[in-house]
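Trainee: Protein sequence lines, in the order shown, are assigned to chains A and B.
To convert, note that position 42 of the first sequence is 42 in the numbering used here; the numbers rise steadily by one, no gaps.
To convert, note that position 157 of the second sequence is 157 in the numbering used here; the numbers rise steadily by one, no gaps.
In case anyone wonders, no lab produced these hints; they're calculated from the structure.
There could be a bad hint or two in this list.
What the hints assert, rightly or not - Subject to a maximum C-alpha distance of 27 Å in a straight line, what follows is the list of computed DSS-like cross-link-like pairs (lysine-lysine):
hint	chain 1	residue 1	chain 2	residue 2
1	B	Lys-25	A	Lys-143
2	A	Lys-173	B	Lys-25
3	A	Lys-143	A	Lys-171
To be verified - Output of the computed footprint for chain B on chain A, the stretches with three or more beta carbons under 8 Å from beta carbons of chain B:
hint	stretch
4	79 to 85
5	88 to 99
6	237 to 245
Even for Gly, the Cβ is constructed at its ideal location relative to N, Cα and C.
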Amino acid sequence: MNLNDVEVNSITKRFEDTVAVDNVSMSVARGELFGLLGPNGAGKSTLTKMLCGMINPTSGKIEVGGFNIQDKPMKVKELLGVVPQDIVLYDYMNARENLAFFGRLYGLSGGKLRNRIEELLKFTQLDEKAVRRHISTYSGGMKRRVNIAAALLHDPQVILLDEPTAGLDPKNKLALWEIIRTLHNGGKTIMLTTHMMDEAEELCNQVAIMDKGKIIALGSPRQLIKKVKMENTITVVPDKITPKLIETVKKISGVKKSYRAYDENEKVETLKIITKKAEDILPDVVSAILSVETKILSVELSRVTLEDVFILLTGRSLREEERQV
Amino acid sequence: MKLKRTIHQVFAIAKTDFLGIARNKTAIFFTLLFPLFFLIIIGFTFGTQGTGETSRIRVGTVNRDGITINVNGTASQNSTIGDAFVQALKDANFTVYEYDEYGDKDSEGTAAYDISRGEIKVSVVIPANFTEALSFQFTDSLGMPIPTKTLLDLYTDPSDPTGSIIAQQSILGFVSRFIEYYQGIVISQIPDAQMRDYAIVLADPITVSTSEADVSERPLRWIDYMVPGTLGLVLLWSGLNHASVAIADERTKGTFQRMIIAPVSPATVLAGKFISCLAIVYLSGVIMLASGILLFQVNLYWNIPAIVMSIFLGALSAIGLGLIISSLARNVEAANSITVLVSVPLQFFIGAFFPLSIMPEPAQVFGEALPFTKLVNTMQNIMTKNLPFEAVMPEVIYMTISGLILFNIGVIAYRLSLKRL
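Go ahead and model the full structure; you've got the sequences and the hints to work with.
Mentor: Below, the structure is given as structure tokens:
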């Protein structure tokens, strides 16, 4: 018996001369919360589109719930609940009307549909007053919750969440993580695409890191961090980050990698240094930074994150990729 | 079970699409009220002109009927019917200006001058032999009437083709009724039965220098022709406009992609969109017709099945064309721009506001080729002339063929657009 809800075998997708997804294979076990990580343009969206039947692969095979998506697309679509990255709702209708519409698309009607809508409104914690207003009047967080509810109407076994917390403030982000955890605890198989490594680390029990159309790492977040054999990160907030500063730090013995990053919570640019033993090299790092006439605003020692893993594997920062895109 | 589910899906898509218009003030204005706004403006400007209400038509008469002419070798100076013609024009409520110095050729020139200044819309030159010809006074040596034509000249303002056509139509309708009435009187006064029969054969001796004829069983005003014609505009403004943004808008918002990832076939989505477009066309049509009745008291014939059927066939073309635009456009803004580019010029070529006959020949050929023009013609024939559905069959066949062609191209474009998701 196949215990995997999603099976991807040697999938390739070409757009003329560009290979968006290059011979990718992976599987997601039933009840797993699987994270698909990577920068924009890594091939995550193309892979997701193929998984939900929006586009066909150039070669390879995808099975969801044991059904080949190309042979039984409707069957697969009934098993899948897809939460798109953007808020895809009709802003001239209220939450209940939106859910009724999407429910009908999945064949629900009458009392069954009404009950399911009420269940989901409760689950997503939308109060009755808000439910009666048009979506256009909702906050970002409320819209996100309705966006998720619309994908859950038919009680799908496999849920694809595409960047579900993009653009949300920390409070709403935590609320949404809670919803995802509840779904996972309820036995749903969840595939989460994200470029937020902290999100993947927090939620997923299995992750795949994609870059340039390929999966470059696959395993649990802990396994991936262990794999790079690095333990610590020194995060410095200097008054300015110059290429000379980065080069100077790189020359320090014991530094595996140094790169520019952006702290979304503090909204500051940081210099990250990955090393085996942070305490040992910290004095050298401080003197090196001061030697290039740069002030240090703060220094912090922490363990290696998935983001650091991505940088060690690809040689590039995730945020740099995004900025270039 | 599967069919029931598909029907539910189709109507859910149609309802959602329809709500998108109903709850959007701008969309309501441009889809439903803008055509009505146009009808009201043009209706109040030209609408009450025509054979039914003539007081706004200023007619100049140059009555030469009193000039002495030779009739059967004898000088005759009789202006009875010419004078009656002028009086009848006044009685028919035309605003009449008389340029009637008998024999003064400058009168015609003065009337022409007044046309050029916009003082009068049309001048009617009554010929010198008007009374003699209409009363069969020209006879052969045996005393039998001989056919004698009399030429009634109409002069109109070439710089105002629309106003001229309205005035011309009105005068032509008047002339035909006048001849019928007066010749009936003259013929009935002929004592000899054989002579009377002969006179009937000779009747209608007037030649008018224009060739249009009054075609309706009822006296019609301009607005009576215009209201059925506006159904063609409804197709362009409501049908084409809505169909062209229906899919582009959903694609821009991402809701189209969300529909496609649900277990819904592309054909179901299309069917839902088609139904909502059709509903909007019919609703807009009802608003236009109801406004025509309420605001202008239009006098029309109501063959409802023929009207509904013809609008459906016309809508096939409009929605097909809209689908092509919607599928090719990258986003809703592009779809809107293309639609404006297509629909704004087209509205002048379908004969709804302006008769195609006033246009240059290439424009007439182009206009006649449009399925929307066929709908305008069909609606005018059914609703103003009370022609049966069979009588408009050539137009109906044309609309069916063009509708099927455009709709199928639209479906192909729609299927191709799915690959761009």
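Trainee: Next, verify each hint and record whether it holds.
Mentor: To see whether the hints hold, each was checked on the structure:
1. Restraint check: the Cα-Cα separation between B/Lys-25 and A/Lys-143 comes to about 23 Å, which is no more than 27 Å; the hinted pair holds.
2. Of the pairs offered as hints, the one joining A/Lys-173 and B/Lys-25 is violated, with about 35 Å between alpha carbons and a cut-off of 27 Å exceeded.
3. Proposed proximity of A/Lys-143 and A/Lys-171 is supported: the alpha carbons are some 14 Å apart, at most 27 Å.
4. Note: the stretch 79 to 85 of chain A has 3 residues with beta-carbon separation from chain B under 8 Å; the three-residue rule is met and the coverage holds.
5. Here's how the stretch 88 to 99 of chain A fares: 6 of its residues keep a CB closer than 8 Å to some CB of chain B, so the rule of at least three is met and the hint holds.
6. By the rule of at least three residues with a Cβ nearer than 8 Å to a Cβ of chain B, the coverage given for the stretch 237 to 245 of chain A is violated, with 0 such residues.
Hint compliance for this structure: hints 2, 6 are not met, and every other hint is.
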